[in-house]
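Going down the list, the protein sequences come from chains V and S.
First residue of the first sequence: 10, per our numbering; consecutive thereafter.
First residue of the second sequence: 501, per our numbering; consecutive thereafter.
It is possible that some hints are incorrect.
In silico EDC-like pairs for lysine to aspartate or glutamate, Cα to Cα no more than 20 angstroms straight-line [as the list claims (entries may be wrong)]:
#1 K666(S) / E218(V)
#2 K666(S) / E217(V)
#3 K74(V) / E590(S)
#4 K658(S) / D537(S)
#5 K213(V) / E590(S)
#6 K211(V) / D537(S)
#7 K213(V) / E18(V)
FYI, nobody ran anything at the bench for these hints, they're computed from the structure.
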Amino acid sequence: MDFKKQLKEGLVSQNPVTVQLLGMCSTMAITTSLFNGIGMGLSVLVILTLSNIFISALRKVIPDKIRIACFIVVIATFVTVVDLCLQAYLPDLAENLGVFIPLIVVNCIILGRAESFCYKNGVAASAVDGVCQGLGYTWVLIVMCVVRELLGKGTFGGGILGGGEGVTIFPSHFAAMGVALPVGGFLVLACVIAAMQYFLNKPKKAAEEKEEVAK
Amino acid sequence: MIAELITVALGAILINNFIFSQFLGICPFMGVSKSTDTATGMGLAVTFVMGLASAVCWPINHFILEPNKLVFMQTIVFILVIASLVQFIEMFLQKAMPALYTALGVYLPLITTNCAVLGVVLQNTQNSYGFITSVVYGVTGGLGFLLAIYLFASVREKMEYSECPKSFEGFPIALVAAGLLALCFMGFSGLKLPIG
Chain V
10 MDFKKQLKEG LVSQNPVTVQ LLGMCSTMAI TTSLFNGIGM GLSVLVILTL
60 SNIFISALRK VIPDKIRIAC FIVVIATFVT VVDLCLQAYL PDLAENLGVF
110 IPLIVVNCII LGRAESFCYK NGVAASAVDG VCQGLGYTWV LIVMCVVREL
160 LGKGTFGGGI LGGGEGVTIF PSHFAAMGVA LPVGGFLVLA CVIAAMQYFL
210 NKPKKAAEEK EEVAK
Chain S
501 MIAELITVAL GAILINNFIF SQFLGICPFM GVSKSTDTAT GMGLAVTFVM
551 GLASAVCWPI NHFILEPNKL VFMQTIVFIL VIASLVQFIE MFLQKAMPAL
601 YTALGVYLPL ITTNCAVLGV VLQNTQNSYG FITSVVYGVT GGLGFLLAIY
651 LFASVREKME YSECPKSFEG FPIALVAAGL LALCFMGFSG LKLPIG
């Protein structure tokens, strides 16, 4: 088990959102304030880790033919647990995220990891994988939230800081409303993925140029 | 009654379009929109499943879950219903309409994990719609998905031939195009509806 490699894959080179392009519905829908982003990211992290542990523990028992249905039942159970906990302890967050909490069941990140990683690897490795992939998802959400909130409303940390309204960076009438609307979700995610592609291709390009010079 | 249905239908197709304003079902929307033919097939299949899922889940919720105070089991029950529904449709199509079955291919089982299907069912219960309204909302939500994916696939076919910055190639530029379509759909929010 290689913790560093898994962490790097989760955060950068195999990031669930920007590289594997999974789980985009929630990434675009709920990233309107920092509180939402952190809440959603941590919920997914918890569900992903727990379902990873259970699925990899049960991988020798689950018949091959109905494995997808079994995965979904395990995932749905944990989603229900988290959903009820949020409704009980963080009702504001539960209201903000709305239908997207139960929809974590069909979030492709969790099903994708179950199918491609947990079904083939041990419990410990799967748990680490869940945490790493969850962190990868969370940081993208936080970046999207910060950008969209700052440009769209001129605030920072909505939902947590400054009594729920967030700290005002510049007056809201200078803000570009569009960024906080659905359009902004698409455009900001496009820019984040493009930036990611740029930085991931940079070392490759440099290596290629070096090779050409050597020739 | 009719006015309510028209409001729900127009709302689902144009104003609260599942893709462009609610962000439900983005994965198939991005994955299956490379050509208009497959996009249409996927859109029709999703419409069908969404309508059927709404019709099946309403009585389950109303007659089984609610009287027995099992509403907290909603998510698990609904996803199982949808998964088995998709499985049945797959087997039925394989026997009855093999041509359509091969055309849809791998996209058919993928409908299970389309969040628009689970989303529409959950919204039906949240808004406590009646049976007919639920079915209308399911079908028209699917039609909105069909409209969105068809428009987007047409745009994307043309985009193949145009140049764009290297880092934006592939997925990001498709997202930008989807964002512009979402901007167009925002115009529909000015529509005046009979109710609401």
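Going through the hints against the structure:
For the suggested pair K666(S) and E218(V), the alpha carbons sit about 16 angstroms apart, so the restraint of at most 20 angstroms is met. With a CA separation close to 16 angstroms, the supplied pair K666(S) and E217(V) stays within the 20 angstroms bound. Between K74(V) and E590(S) the CA atoms are separated by roughly 15 angstroms; this keeps the pair inside 20 angstroms, and the hint holds. Our distance criterion of 20 angstroms between C-alpha atoms is met by K658(S) and D537(S), whose separation comes to about 14 angstroms.
A hinted pair counts as satisfied when its Cα atoms are at most 20 angstroms apart, and K213(V) with E590(S) does not qualify at roughly 43 angstroms. Of the pairs offered as hints, the one joining K211(V) and D537(S) is violated, with about 37 angstroms between alpha carbons and a cut-off of 20 angstroms exceeded. Our distance criterion of 20 angstroms between C-alpha atoms is met by K213(V) and E18(V), whose separation comes to about 17 angstroms.
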